[in-house]
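Participant: Take the given structure of chain A and dock chain B to it, following the hints.
Listed below are the residues making up each chain.
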Amino acid sequence: MFKAVKGFTLVEMMLVAGILAIIGLTIVATFSSGLRIFYRMEGYNTVKADVLISIEKMERDLKNAFSYRGIEFIGSSKKVTFPGLIRKFNSEGRPEESLGAISYYLDDSGKTKMVSREENKYTQAIKKDRGARGPITRLASIEGLDFKYYVYDPESDFYSWASVWDKSDDMEDDEEDTKPKQENVQLKDREDKLPLGVKIEVSYKDGDKIITLNRAVFIQPAVSLNLAKVRALKKDNDNN
Amino acid sequence: MRGVPGLDCDDEAIFVSPSSQTATTFTLHAAKGFTFIEILMAVSLLAVGMVGVLRAYSTSVNAMEIAQYNTDAACLLKAVMGSVEEDYISQRDMPVGRSEEVYSSSSGIKMDTTRSGRWQWDKEVLATGLQAVKVVGPVTALDDNPETIVIYSLNEVKVTVVNPGRSPARRVNAVTYMESYPEDDSV
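Sequence lines, in order, name chains A and B.
Heads up: the first sequence begins at 109 in my numbering, then just goes up one per residue.
Heads up: the second sequence begins at 5 in my numbering, then just goes up one per residue.
Here chain B stands alone, though its shape is the one from the complex:
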């Protein structure tokens, strides 16, 4: 066999190269690895990044909840104001006082009730003390207090809506003014 030059060469190659190759591969693997500290740093950096992303996500969901709350509140407020106005027209007066109501399907107001919690509202009528008067007696001097009759007095109507089942349960209110005629009281 040794007489054939080709085979001689092959024999030598098989013998030498595997051992040298395994040695090279082994050293390369050892150099390529990460240390424990490096992995720890990478994981903590990733954790910090993830926390930031999740925080932003939850903030935006919260902001959306608040926006939906305000939209629903404004919508309900307008509907309640409408029914207050209806009462004022049919009774021709809005007596001073306070009343509360909880939303139900029989209240005449229809709204989006998909989200949790129950809406409720209260109506508060206060006398402002402002009056429209007509002078009936004679006016003799500027500081004179002439005899007057009241045409109407002005009442402040404040409607507040809130949904205690949601957080934050903001109270949203609107204020309007309504005339109260004294002759209506006698009717």
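This is chain A alone, in the form it adopts within the complex:
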């Protein structure tokens, strides 16, 4: 008699189980959708933001590139090296800006491919010591990296994007040729050692999709010099 009063009927139990199931399902659904959104957000924030920041960094360094004796601008489709301002630590251990070589390349030695930035001190850079390597910063996890260089061909009067920029051989010839010339002429001529611009193309993975971004960066000293030279040439031709 006691038991009959205190117990639950089957219908009651089923009702409770049903209600619990509905509540549980709702909670799980909300939680899993929230989790999915969280992962999407995090993926967006980390990958895309890192890629965009790495492009900004490359853009800033390339825009400020200059011509410097000893450190040449050398570019291939996978790697670019140019003179720029680097950070180094002085004897007191404080960071300071210094002249050096900056490289950007795709590092595929690890598990994931990374766009990396390498800084080499001037002394390291001029020795062309391939073994010695400066501090490397891994900027973003990407799928592919491609550089193109904007070049001017004076013979055909045509501008195009080339996949290689290497004038280091000309530099050595030049040094013999330009010795009798005036100092400022030499300085001006050295702007020719820079490409007019660099086109950066980065592809990265967003979920299961591969997205490609590109951006052209122009090096102002090289552009101004080229335009001035071409205009002067045109004027001479018109006068003749």
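Treat the hints with care, since some could be wrong.
Unchecked claim - Pairwise CB distance ranges (calculated):
hint	chain 1	residue 1	chain 2	residue 2	range
1	B	I153	A	E263	49 to 55 Å
2	B	I70	A	F116	30 to 36 Å
3	A	A157	B	I43	44 to 50 Å
4	B	R59	A	A270	52 to 58 Å
5	A	T231	B	R175	19 to 25 Å
6	A	D261	B	V100	24 to 30 Å
7	B	V143	A	I182	33 to 39 Å
8	A	N172	B	V57	23 to 29 Å
9	A	R148	B	V57	15 to 21 Å
10	B	L58	A	I130	16 to 22 Å
As the list claims (entries may be wrong) - In the DSS-like style, the derived pairs of lysine-lysine whose C-alpha atoms are separated by at most 30 Å in a straight line are:
hint	chain 1	residue 1	chain 2	residue 2
11	A	K221	B	K162
12	A	K171	B	K82
13	A	K337	A	K171
14	A	K313	B	K82
15	A	K171	B	K114
16	A	K337	B	K138
17	B	K82	A	K186
18	A	K114	B	K138
19	B	K162	B	K114
20	A	K165	B	K82
21	A	K171	A	K114
22	A	K165	A	K114
23	B	K138	A	K317
24	A	K342	B	K138
25	A	K165	A	K342
26	A	K313	B	K114
Hint data in this document are derived by calculation from the structure and do not stem from the laboratory.
Glycine included, every Cβ here is placed at the ideal spot set by N, Cα and C.
Facilitator: Okay, now just chain B, sitting in the frame of chain A:
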């Protein structure tokens, strides 16, 4: 049976306690329940709370959409500015005028097109009227208007990007200035 004291006691207990217990249980249940008004209040409070949470959720999703729009716009703007600069270098001039373009994979610009809508941009070149001049004639007085030749004039280049397929479709623009040399016109 009545002679056994233990059984006598048990008999009495069985008879009395069930009835008194059922009575107590019944009164307790009646006191523990909620009234209709109470439930109505609880549900409406819950509803107000839920609306607040959902509103915050949708606001944050909106804010993220706007942030993504601005990021994409800034990225595209820089890419378009790059191609404008490329044109300026190869043509050595940027003539006054206006041109519009809709994003396509053949436009030379590559960008993130995961989200809806099509990006488009327009380029507007205006003459500012500012000129760099060289004095060729003699200057006799301060208010004299000496003979000059124009070295170059300054043009304003305004690039605007927008994606009408997204809301809000903000127009994002950047302005730069480019020199226009008169001798280039004759070439």
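Participant: If you test the structure against every hint from before, which numbers come out violated?
Facilitator: 1, 2, 5, 7, 8, 11, 18, 21, 22, 23, 25
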